[in-house]
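Produce the complete structure using the sequences and hints provided.
Same order as they appear, the protein sequences are chains C and F.
When we follow the working numbering, the leftmost residue of the first sequence carries the number 1, and every step to the right adds one.
When we follow the working numbering, the leftmost residue of the second sequence carries the number 1, and every step to the right adds one.
None of these hints come from the bench; they were simulated from the model.
For every residue, glycine included, the Cβ atom is placed at its ideal position computed from N, Cα and C.
Just so you know, nobody snuck in bad clues.
Here are the simulated BS3-like pairs of lysine-lysine, each with C-alpha atoms no more than 27 Å apart in a straight line:
1) K30/F - K181/C
2) K5/C - K333/F
3) K80/F - K30/F
4) K434/F - K5/C
5) K25/F - K80/F
6) K181/C - K25/F
7) K489/F - K385/F
8) K230/C - K489/F
9) K333/F - K434/F
10) K181/C - K80/F
Simulated coverage check for chain F against chain C, where a stretch passes if three residues somewhere in it have a Cβ under 8 Å from a Cβ of chain C:
11) 85-92
12) 95-103
13) 326-332
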Amino acid sequence: MSFRKWVRELGWRHLIGIAVVIFAAFPLVYVLSASLNPGGTLTGSNALFRNFSLENYVDLFTDPNRPYAAWFANTMVIGLVTSAGTVFLGALAAYAFSRLRFTGRRVGLLSLILVQMFPQLLAVVAIYLLMRGISDIFPVLGLDSQIGIILVYLGGALGVNTYLMYGFFNTIPTSIDEAAKIDGAGHARIFFTIILRLVAPILAVVGLLSFIATTSEFVIASTLLSSNDKLTLAVGLFRLVSDETNSNYPVFAAGAVLAAIPVMALFLWLQKYIVGGLTAGAVK
Amino acid sequence: MTTTVSKDSKATRTRSISTAPPSMKVLAVKILFLAIVDAVAVFAMSMLFFRGDWLVLGIVAVTTLLVNIVYLSPGLLPGKYLTPGLIFLAVFQVFVVVYSLYIAFTNYGDGHNSTKEDAISAIVLQNTQRVEGSPTYLVQLVEGPGGLGLLATSPEGEVLVGTQEEPLQPLDPGAVTLDGDRAVAAEGWTSLQQQDVLQRQQEVAALQVPLSDDLADGFLRTTDARNAFVFQSVFVYDEAAGTMTDTTTDTVYADLGNGQFETEGGEVLGTGWQIVVGPENFLYPFENPRFGGALLGVAVWTFAFAILSVGLSFFLGLFLALTLNDPRMRSRKVYRVLSILPYAFPSFLSALVWLGLLNTEFGFVNEVLFGSANIPWLTDPWLAKFSVLLVNVWLGFPYMFLVCMGALQSIPEELTEAATVDGANGWQVFRGIKFPLLLVSTAPLLISSFAFNFNNFNTTYMLTRGGPRMEGVTENVGHTDLLITLVYKTAFEGGNRDYGLAAALSILIFIVVAAVSAISFRQTRALEDLH
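Written out as structure tokens, the structure reads:
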């Protein structure tokens with residue numbers, strides 16, 4: 001291919017590719033650089049990678065006013081428990097809809113989608129007041145409680161997730177269930193030891209999507225959680241950086257890098273499945 | 001005929017299995033779980049009983065009963081699998097929607113937080129002043145199970161004790177330690193030392209111990225933690241007339257059915273109570289033209305934001321997919337992975353990262369790209385809108401890129417070849433064949449993406465908090481506010497939280513989103529029929 005033809009047919013494509021990569025990656029490079037820059041202001045962060053120090057990372061874990069380690073642990077606990085609960089509740093419902101025949105099955109499937117049209121986000125006022133009411137009876141489950149917020153998140157466990165799983169459950173031939181029944185297995189044994197193993201891929205996708213959604217959730221977490229050491233990363237880091245952007249920024253950057261690395265690694269590793277799951281209906 | 005037989009045999013088989021006695025282990029697990037659920041339910045019910053919350057008590061009782069029936073009876077298999085999820089769905093999804101609807105018709109919010117009784121005692125308590133010439137009580141601060149209290153020795157030498165909640169009661173002299181005339185300790189109470197008192201100064205200053213069950217009798221208050229005086233409320237509640245009287249000015253405030261005490265002239269006491277106000281919250285924007293205008297602006301911007309976000313990121317993603325989808329290109333994979341990075345980055349952090357980049361005085365964009373210019377990216381109304389869109393497109397285009405890439409690759413190559421043979425050029429092939437086919441498969445995703453961006457709280461709130469604030473509106477409304485951030489701000493931010501109005505706004509949003517989704521899904525179905 002002559003150079004001219006190369007420029008006309010492929011060269012411009014590379015130019016555009018490079019431009020988009022800069023647009024996409026620059027903010028992330030910037031935040032990495034800011035996190036490694038000692039001194040503690042935004043101004044200093046503008047010179048990319050001129051200095052290298054882990055000062056901000058040390059700062060992050062030593063200042064009692066911003067219990068980053070606690071935020072991180074809270075986010076992981078809430079995210080993991082919620083996604084495990086979502087997968088379990090969703091799988092139970094999907095199994096019932098896919099394998100059992102009962103009156104109200106079609107209506108049930110349809111109403112799951114309809115109910116989901118009113119997102120929890122819109123009901124945040126009612127959720128807050130409900131949890132305040134529960135606080136009076138069961139302080140452990142009410143406001144400012146990890147268990148409380150997990151329960152609220154589990155309210156959204158059915159719906160889209162059940163639909164995703166239902167479709168996948170239907171692809172597993174029922175003859176497998178029948179064979180197990182003849183061998184004397186009860187429904188619980190069939191569900192837990194046979195079906196759940198066969199549908200593992202969709203369980204992983206739903207679990208991951210739910211984990212990402214839960215850890216990024218801000219509105220409900222910020223209204224329900226109030227003590228500094230009970231916050232999640234989303235709420236904690238927002239409060240850290242939104243008031244005095246200039247002075248806290250490098251420490252925030254360090255926090256952001258640490259919070260993002262595990263999620264990004266997981267995401268890039270599993271991107272094939274996630275993209276498949278997304279095109280099946282969910283949106284980030 | 002044969003099918004009937006096999007169906008029958010299947011039915012018998014199922015029945016024989018479901019009636020088979022479950023193993024001991026399964027039974028034990030089941031009983032353990034039910035026991036936990038029942039114990040929690042009984043505890044909750046007893047708490048509700050003491051609070052007199054009969055409706056909730058009834059609901060909890062019926063639910064618990066149903067759960068027990070489902071898991072103890074041999075049949076009801078679907079119920080066994082659906083119940084756990086449905087309970088969460090019912091409480092945190094269905095109930096809260098119904099509850100939102102109820103709140104939208106109340107005046108719930110700051111100043112209208114509780115019942116009328118609570119409001120009356122709050123007004124009485126918040127407006128006390130010392131009774132002229134009242135006797136001095138010698139006091140010792142004590143702490144008991146009911147919180148901070150006063151151990152008081154009356155001028156007549158009687159020893160009394162009480163807290164904020166429990167009026168003063170005489171103590172048995174045998175249970176009291178005296179220091180001169182002053183009682184300094186009592187059985188069942190811990191006396192506070194001087195340094196404790198200093199540390200809890202605010203609590204001590206706020207402490208008001210009623211003299212008797214009737215709040216009109218007055219309270220004991222202390223400023224120095226040694227001497228207390230009788231205080232009486234400026235306000236007197238007349239139970240028969242249902243009015244509140246300010247004794248200093250003799251103004252009479254009456255309950256006119258608006259959830260507050262007010263005079264004929266329209267003067268209002270700060271603390272009110274919760275009542276159902278009807279459609280008032282829904283009418284509020286129409287009755288307050290300034291707020292209504294601002295709300296309309298927010299609604300228009302919300303649509304513009306959602307449409308532009310989806311449109312711009314879709315076209316950028318599509319353009320990128322078309323550009324990079326050339327098999328002759330080397331390192332396509334590298335481009336792909338690097339350009340989907342924003343999608344992998346946790347979304348709540350992205351806006352905060354951009355917050356730093358776009359900072360007017362110190363941000364990278366102004367300092368480095370624009371040579372220390374002071375461009376107000378986040379504080380000028382139009383630039384702030386531009387910035388929010390920019391960040392949202394940055395967040396959204398990788399998703400569109402992936403989706404378009406998938407859709408393009410699924411269009412059969414033969415179509416392109418056939419068109420080329422017929423003499424169509426590249427642009428014509430794209431316009432006439434690829435693009436329509438691509439739209440069919442991506443349209444549902446574009447619609448759900450629109451619905452998502454319509455309520456895209458995080459990007460907007462984390463970047464600008466909805467600001468810059470609109471001028472000329474008393475409510476806190478900003479130029480980049482979406483409807484959802486406005487709901488949040490109305491309910492949880494600033495000096496005047498208005499849950500009722502916020503709930504009404506969220507119901508209006510729901511109606512809009514549901515209508516738009518319904519219409520556009522119908523349109524897409526029409527699109528599918530065409531092809």
